[in-house]
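Peer 1: With chain A fixed as given, assemble chain B onto it according to the hints.
Residue numbers (the UniProt record's numbering), protein chains in the order written: chain A, 1 to 387; chain B, 1 to 376.
For the record, the hints were derived by calculation from the structure and aren't laboratory data. Where is the CB? At the ideal position from N, CA and C, for every residue including glycine. Treat the hints with care, since some could be wrong.
What the hints assert, rightly or not - Which chain A residues face chain B? A few, computed with CB under 8 Å, are given here:
{"#": "1", "residue": "His17"}
{"#": "2", "residue": "Pro19"}
{"#": "3", "residue": "Gln91"}
{"#": "4", "residue": "Arg263"}
{"#": "5", "residue": "Val269"}
{"#": "6", "residue": "Val273"}
{"#": "7", "residue": "Leu276"}
{"#": "8", "residue": "Glu283"}
{"#": "9", "residue": "Ala287"}
{"#": "10", "residue": "Leu304"}
{"#": "11", "residue": "Ala364"}
{"#": "12", "residue": "Val367"}
Stated by the list, open to error - Derived list of chain B stretches under chain A, where covered just means 3 residues or more per stretch with a C-beta under 8 Å from a C-beta of chain A:
{"#": "13", "region": "265–274"}
{"#": "14", "region": "363–372"}
To be verified - Examples of chain B residues lying across from chain A (beta carbon under 8 Å, computed):
{"#": "15", "residue": "Ser6"}
{"#": "16", "residue": "Val8"}
{"#": "17", "residue": "Leu251"}
{"#": "18", "residue": "Val307"}
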Amino acid sequence: MEEARLRELAAEFLARHDPGGDRLEFLRARFDAGLAWVWYPEGLGGLGLAPELQRVVDEELAGTPQIDVGLQGIGLGMAAPTILTFGTEEQRRRFLRPLWTGEEIWCQLFSEPGAGSDLATLATRAVRDGDEWVVDGQKVWTSGAHHARWGILVARTDPGVPKHRGLTYFVCDMRAPGVEVRPLRQITGEAEFNEVFLTGVRLPDELRLGQVGDGWRVAQTTLMNERVAIGGARVRRGGGMLGPVLDTWREHPELRTHDLHQRLLALWVEAEVTRLSGDRLREQLAAGQPGPEGSGMKLSFARLNQAISGLEVELRRDLGYDDWTFRRSDTVDFYGRGAGYRYLRAKGNSIEGGTSEILRNIIAERVLGLPAEPRVDKDVPWKDLPR
Amino acid sequence: MTLLYSEVEEELRAAVRAVLADRCPPAAVLARAESEPYDPSLWKTLAVEVGVAGLLVPEEHGGAGATASEAAVVLEELGRGVAPVPFFTSSVLATYALVRAGEAGAGEEVGGLLGRLAEGRATAALVVPFAASPYRPWPVRGGVSEAADATGERLSGSVAGVAGADVADVLVVPVPGPDGTAVLYAVDREAAAVEAAPSLDLTRPVATVTLDGAPAARLGVVDLAEVLRFGAGLLASEQLGVAEWCLETTLAYVKERRQFARPVGSFQAVKHRLADLWLDVVRARAAARAAVSLSGEARPDPVAVAVAQAWNGGVAVHVAEEALQLHGGIGMTWEHPVHLFLKRAKADEIALGTPGDHREALASLAGVPGPVPVSE
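Same shape as in the complex, but just chain A (with noise of 0.2 Å):
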């Protein structure tokens, strides 16, 4: 019912709007019809439908510009929740719409030299002058900071209370005087991400995300469709990470060994029953069943892509490397470029986003009910701890 209503809205914008003319207007377009992510509300780019619905609109609007989703990442799966959720009715106005078509990219200024796993101990500091609020710190791992417009920002307002709760959410102008964004070179010779350097920046009060001191909670919003966001993409059997060793492997059978085969043959089972726990994470999803499932999504997609990508590697007996470069990139991409650059990123997906220790962690807690890790800092105020 309600799909053959959405395939009619999606024919009828068709034949309004031509999709060879003006990409921008045409994604303008689409957002303000609703057909952007149609289980966002009404005026913010969506019908309110279940989520499950988008792939009507998909089907119907394929072969049409589309948008980046590699570049907009983080504003799509990271930020737009957060607004949604958070945001003032002005906020998501302001926002969600140009946040959808790519008119402004999105980056994620959490993570502090001195602050990974242990996120709420950060010590970027805002503080209130008036109608603004001045903020100094250092961010890092900021992927896409050097594109962005905006950033999503957890600083701390209250230093004198316990580490959770003197945190503040914001939205960063990455225009502001006193944001400077440096290049941070990785293991793979490129630089993906950014150091954030905010030296006496001034936000409006208007740029606040959440409540004076319910950071902490905002910032959860945004980490749990982080982690759905990593571990939760849709694969075809034998895809992801396995696509290129299997590719090489059936190019190259001069190349193959016994023990390669037994351990490809063990990689490809798990590889697949991960992908079938993904199915059946999102048809319960879709049935409004949500199961703990997708807090293992993560840990073993980081798993699968480590142990695949460096037996394409030994695989290859290929000693050189593509590209050394330090330069910059656009967007992330786990699958692209040479095996050993694969090799190289995909040790990055057991500590973005949650390190796979600190999931077990989750996972023993919430999901399994085992005693919580003893917390010495829970009650200190956050001045008062020892660094």
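Peer 2: Using the frame of chain A, we list chain B on its own:
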């Protein structure tokens, strides 16, 4: 295809679970393991009152005409209880062989037998080594051959390692037929020598079946590899059940057991192991569901079955081994039931193809061929 459980399946699960909770606690299974492992009264309740014996029997023969997916849910529950009943050997493996023979145009004999099985009036066993695989379905040693005399057809030979034969009323015996097929014969239990052997799996012992000119009724022709593949796909659900019990029991134990003045489950070394086991079991569930939902009423899907067996066989053993280790000393005692699950898991790992057999099969099924011989 769905990987979720239907409402009907959840109701069936609840019915089986309720019976097992009442009648088949681990202590009861253990108590009878060395004398008479099978529990005929429990089987009667499950087979007749809950109606599990007739699940895979078509309606025209008095069964429920249910799908593999429903039978799999029963196996999950039976696995969770290492329940000593011949559901898998009789109502899944032998029944599926008979159903296939029936579809291939066998006579009234098959229909009548299926009817008796569905009503719980008889129990059958397929006379193959339980370790036979879809890729090597016939016994490596021994085997049965047929000969006809004036009074009819007679079978002679011997098959070792047969599961469920010791509790069967009817033996369903495959004999090599033309073009790689198997000709199925029914042999009355009384006409065969069934010698139970001390078995690794106390709750599903194996036996040697010896036939010496036993009178046999020809039932029809089947593809034996396909029958074993169907069984292997469903066995993945039993393995899931075994793994689930081991994980849940271990979780409860490490929350309660204290050493160094804290629950052992509060140590990160233990928590992380359990998180990994949980993830293995989550994936075993998806694999088990894929193996049966793709099988449906049609043929078992070779890739889905091989994947499920390659994964679940190892997972059940691994979770059972970890369960034993994380129970510490008590896990090593006869008194604690974890060994029943370890033994079932290890036997299931071998049954109907080892994980290695199924991975090897995927080389051709999934297009990942092995090395080519190098010429000097």
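Peer 1: Each hint needs a verdict: does it hold in this structure or not?
Peer 2: Hints, verified against the model:
Interface hint at A:His17: violated, since its Cβ lies 36 Å from the closest Cβ of chain B, which is beyond the 8 Å cut-off. Because the closest C-beta pair between A:Pro19 and chain B is about 34 Å apart, greater than 8 Å, the hint is violated. With 8 Å as the threshold, the beta carbon of A:Gln91 stays out of range of chain B, its nearest partner Cβ sitting at about 37 Å, so the hint is violated. Violation of the interface hint for A:Arg263 is found here, the shortest Cβ-Cβ separation to chain B being roughly 10 Å, above the 8 Å cut-off.
Using the Cβ-Cβ criterion of 8 Å, the hint placing A:Val269 at the interface with chain B is satisfied: the shortest such distance is roughly 5 Å. Taking 8 Å as the C-beta cut-off, the interface hint given for A:Val273 holds, the closest approach to chain B being about 4 Å. For A:Leu276, the suggested interface contact is upheld, since its CB lies about 4 Å from the closest CB of chain B, less than 8 Å. At its closest, the beta carbon of A:Glu283 sits 6 Å from a beta carbon of chain B; the interface hint therefore holds under the 8 Å criterion.
Taken as an interface hint, A:Ala287 checks out: its beta carbon lies about 6 Å from the nearest beta carbon of chain B, inside 8 Å. With a least beta-carbon distance of about 11 Å to chain B, the hint placing A:Leu304 at the interface is violated under the 8 Å criterion. Interface restraint check: A:Ala364 against chain B, minimum CB-CB distance 4 Å, threshold 8 Å, status holds. For A:Val367, the shortest C-beta to C-beta distance to chain B is roughly 7 Å, which falls under 8 Å, so the interface hint holds.
Interface restraint, the region 265–274 of chain B with chain A: holds (7 residues with C-beta to C-beta distance below 8 Å; minimum three). Note: the region 363–372 of chain B has 8 residues with beta-carbon separation from chain A under 8 Å; the three-residue rule is met and the coverage holds. The interface hint given for B:Ser6 is broken, as the beta carbon of that residue sits about 11 Å from the closest beta carbon of chain A, more than 8 Å. The closest approach between the C-beta of B:Val8 and any C-beta of chain A is roughly 15 Å, which is over the 8 Å cut-off, so the hint fails.
For B:Leu251, the interface hint holds, since its Cβ comes within 8 Å of a Cβ in chain A; the closest pair sits about 6 Å apart. Taking 8 Å as the C-beta contact cut-off toward chain A, the hint placing B:Val307 at the interface holds, the least distance being around 5 Å.
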